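Modelling step: build the complete structure from the supplied sequences, incorporating the hints.
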Amino acid sequence: MDTILSAVLGELASRSINFFIRKNCKPKALDVEDNLQRSLLRAQVIIDEATGRHITNQAMLQQLEMLRDAMHQACYMHDTFRYQSHGEEDAKDQVVSHSFSLSKVNSLKGIGSSNRKTRILEQLQDTLDNLNCMTLDMKELVVFMTSYPRFYRQPYSMHLLLGNCMFGRQMEAELVLNFLLHAQPNGAEELEVLPLIGPGRVGKSTLVAHVCNDERVRGHFSEIMFLSDHDLKDEKLTFPVERCVKKYQNSLLNKDGRMLVVVEAAGDINTDEWKRFYAASKRCMRSGSKLIITSRSDKITKLGTARAVTLKYLSDEAYWYFFKTLAFGSTDPMMHPRMAYLAMEMARMLNRCLLGAPSTICVLRDNFDIRYWCKVVTLIRQNIKLHVSKFGEHPTDALNQNKPAHLRRMISNSEQIMVYHQYECSSQKEVPKVELRSVIFGSVKPTGRFEALAWRSHIPPYYNYIYTCEVRDLKSTSSKRKRT
1 MDTILSAVLG ELASRSINFF IRKNCKPKAL DVEDNLQRSL LRAQVIIDEA TGRHITNQAM
61 LQQLEMLRDA MHQACYMHDT FRYQSHGEED AKDQVVSHSF SLSKVNSLKG IGSSNRKTRI
121 LEQLQDTLDN LNCMTLDMKE LVVFMTSYPR FYRQPYSMHL LLGNCMFGRQ MEAELVLNFL
181 LHAQPNGAEE LEVLPLIGPG RVGKSTLVAH VCNDERVRGH FSEIMFLSDH DLKDEKLTFP
241 VERCVKKYQN SLLNKDGRML VVVEAAGDIN TDEWKRFYAA SKRCMRSGSK LIITSRSDKI
301 TKLGTARAVT LKYLSDEAYW YFFKTLAFGS TDPMMHPRMA YLAMEMARML NRCLLGAPST
361 ICVLRDNFDI RYWCKVVTLI RQNIKLHVSK FGEHPTDALN QNKPAHLRRM ISNSEQIMVY
421 HQYECSSQKE VPKVELRSVI FGSVKPTGRF EALAWRSHIP PYYNYIYTCE VRDLKSTSSK
481 RKRT
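If you count by UniProt numbering, then the sequence shown holds residues 1 to 484, one letter each, in order.
The hints are simulated quantities; they were obtained by calculation from the structure and are not laboratory data.
Only a predicted model underlies this, so the values are computations on that prediction, with no experimental measurement involved.
Treat each hint with caution, since some may be false.
Calculated cross-link-like contacts (lysine-lysine; reagent style BS3-like; alpha-carbon spacing at most 30 Å) [said to hold, decoys possible]:
1. LYS302 / LYS324
2. LYS312 / LYS299
3. LYS275 / LYS385
4. LYS403 / LYS429
5. LYS275 / LYS312
6. LYS312 / LYS139
Here you go:
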């Protein structure tokens, strides 16, 4: 008893001494920054190792997701602190306006210079403490993690790996994989259904296609079939699933006959239509077959037999990590601090838009020059300011809702691009030769209405994202209005 008591008193005394030392000795900015950088490296090693393994334990997946979020936040704060002085220099040179300065630093704008630095230093220290605690909590997880099999052994750089995977969806992908691959209890006759919900353009279809492309899933199911909610409106119950079973009868018999059916719905699903479809699917599909429903509406959760998987937009910190890694590639951002600051401004102004990031990143990497990057920042800021003043919303929000958006061109302020409609098509179909980034940032100027390729995805389902556009002359438009 005395031994335990002395140990407790010793621990309390140690913690008290550390508290007073930290309270009375203010850490130097460089020391905190160096310590944070080392902690980021430790966290990155754990996450990289975990990403390469097939982890099925959901508690471990959640813990890894928490560490990943903490790493993204720490990276964001570290870069904000490192590059803020370059933002102040650019503001003096009228390259970057103060009204669009980084949000994390912007909240401290009304405070005096010395107090402001102290507050930022405190935020850095809090971020460092949080990341250190998260890393320490991972000791047992790191030991358990080695027992899980590896996915791959690819000696790729991070920018190549991120460009060919679905960033920020590791936990959700594992949840879907675990649902598909786990065996039902003996005697269970229920046809299992997994709802997958999330807002538009968040990556629901991409996530499902990414998982379905996994070798284990392809080997587990004899046939994988994709339907829309319109396919459920079959009054005679001659459902596509029944036709599929007849068409692939031989192959289904060869591999236990398991099928995976993915139903993509834009919104709610009619309950009566779903009941008929589910009954017909249960009748004709063999044991072990499964259903996945994707929708923007969370009302489909009641149709599931498993807990729904929810996709959300990336956080600002995660989006910055993604944007920076791909924009700089193998180049160290610390060697180009002013450009790193401009990249932070662009990432923030793009409003976490994953569809707009790749084309912007391609332009930046093709023109790795500080003056050109300044022009891109100016153009993006101008487009946001004009769109918000005219329509009251960010152009990204308009595009996500398939509303028309008005964008200026870099080479001419007297011209704007009207974006009317966005859709995606498979890689097998012919795509437009005109690229949207060549129209916005380059000299390409098609006449009349035209279709432009916004982005060609490098991961399943390999969609091509296409916009219907038109270039308008603002001077001629305004003169026509005056005449009328």
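Open item on the list: Tell me the numbers of any earlier hints that the structure contravenes, in ascending order.
Closed with: 1, 3
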